[in-house]
Amino acid sequence: MAAFGTAELEAVVPRLRRYARALTGNREAADDLTQDTLERAWSKRTLWQPGTNLRAWMFTVMHNVFINGIRSARPTVSLEDVSADDTGAASGTSVETGVVLGELGRALTLLPEEQREVLLLVGLEQFSYAEASDVLGVPVGTVMSRLSRGRERLRILLEAGGTASERPANLRRVK
Amino acid sequence: MNKALTDELLHAYVDNALTDEERREVEHWIAEDAAAAQRVRAYLEQNAALHALFDPVLAEPHSLRVRPPGNAANASRWLALAATLVLGVGIGFTVRSWQGASRAPVTIAREAALAYVAYVPEVRHPVEVTSAEEKHLVAWLSKRLDAPLRAPSLAGFGYQLLGGRLLPATSPDDPAPLALLMYENPQGKRLSLLVKREANNAETSFRFSEDQGARVFYWIDGPFGYALAGDLERGELQKIARGVYQQLNP
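Same order as they appear, the protein sequences are chains A and B.
If you use the numbering used here, the first sequence corresponds to residues 1 to 175, in order.
If you use the numbering used here, the second sequence corresponds to residues 1 to 250, in order.
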């Protein structure tokens, strides 16, 4: 029997939601992904090895749910229609910041999923390379090469779009 | 240096995964290589921007729960949640001890409305201790309420702490004193947050009442009951109440 209850799983929810939001770029899709992850983790709870990191295990479950979702060809969620509100930037964030951050959100969706996952696990969730390798079930070398390609691609995307953010915010609505 | 190796070192530098010696090596390298330095800067900025964009998600209220089939405790939670929805109060807060805690909040809502009516219109003496002495204020009220109190910041909603005061209880059943914190926005609009020691240590959802012309959102969280009163539109007041709840539950 697993050594955790629903409360321990639910304690990870804020982190899972943050990752899911960044991964899907959409509030509803992210919450659906998180809910599915919770159900899956609970039904597979006997597979968790006591003594190992429950948070990392939950991210593994989410990774699998996410990948399965993509494979079963659910309509892919794109950031095209994401407002600043959807990405969480609305409250307390100026419109101007919203524009800049909106670009980051859009640029993220232009990365292949495998690069986006690594970039977010390491850069946002602050997993070590070894932990990210466990979560994704790939060797550390693969984590490194995906991270390297992902960051470089994101850099180029943001530099290309950088001129837009220099315009006054009111001339450009975040879509 | 081998190209793949140097690339890995750059990322490990950004991710703080190097030994001191490796770190010095990389610093030496990027001091002389403008292109490498530019990449490091860009990657660090990416990480910072990701946090700025997505960290607010951590504090958002949500209603995601494990829902194992046929779990009795869970069923009651959903019933309670449904009750919250019927009341039209927001979703997302776990409801415990719904029965046990139901009497106390009615009192606190009433007390909050009365305190609001008495002190919010007060021009010269809205508070006993001003926010200039915030540390003293919080320590004093904590001492009198016999539990560590915090004064949440409502700056994100445009309200600054004015100060606070100690209030006598209105009910002989529960003679412990109460704390009142007052906030004001630049237009002079005021909000009051009443804090009361709750013996039964329960947790409730947000509830809403309207009394004496004051709208009040109230809830119990840990050792305290809270009641936020103001003459604001209900949705606006609820947003601020959530902000208070989140700050007190980081």
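Honestly, the hints are just simulated from the structure, not real lab data.
By construction, the Cβ of each residue, glycine as well, lies at the ideal position given by its N, Cα and C atoms.
Some hints here could point you the wrong way.
Taking CB as the label site, the calculated pair distances span [said to hold, decoys possible]:
#	chain 1	residue 1	chain 2	residue 2	range
1	B	Leu44	A	Pro112	19 to 29 Å
2	B	Ser142	A	Pro112	50 to 60 Å
3	A	Glu113	B	Glu128	53 to 63 Å
4	A	Ala7	B	Glu210	45 to 55 Å
5	A	Glu113	B	Asp211	21 to 31 Å
6	A	Asn68	B	Leu166	56 to 66 Å
7	B	Glu128	A	Ala3	28 to 38 Å
8	B	His51	A	Ala130	18 to 28 Å
Chain B side only, calculated, beta carbon under 10 Å to chain A, not exhaustive [to be verified]:
#	residue
9	Glu8
10	Ala12
11	Glu21
12	Glu25
13	His28
14	Glu45
15	Ala49
16	His51
17	Pro56
18	His62
19	Val66
20	Val120
21	Arg124
22	Val127
23	Gly222
24	Pro223
**Prompt:** What hint numbers does the structure not satisfy?
**Reply:** Going through the list in order, the structure violates hints 4, 5, 7, 11, 12, 13, 20, 21, 22, 23 and 24 and respects the others.
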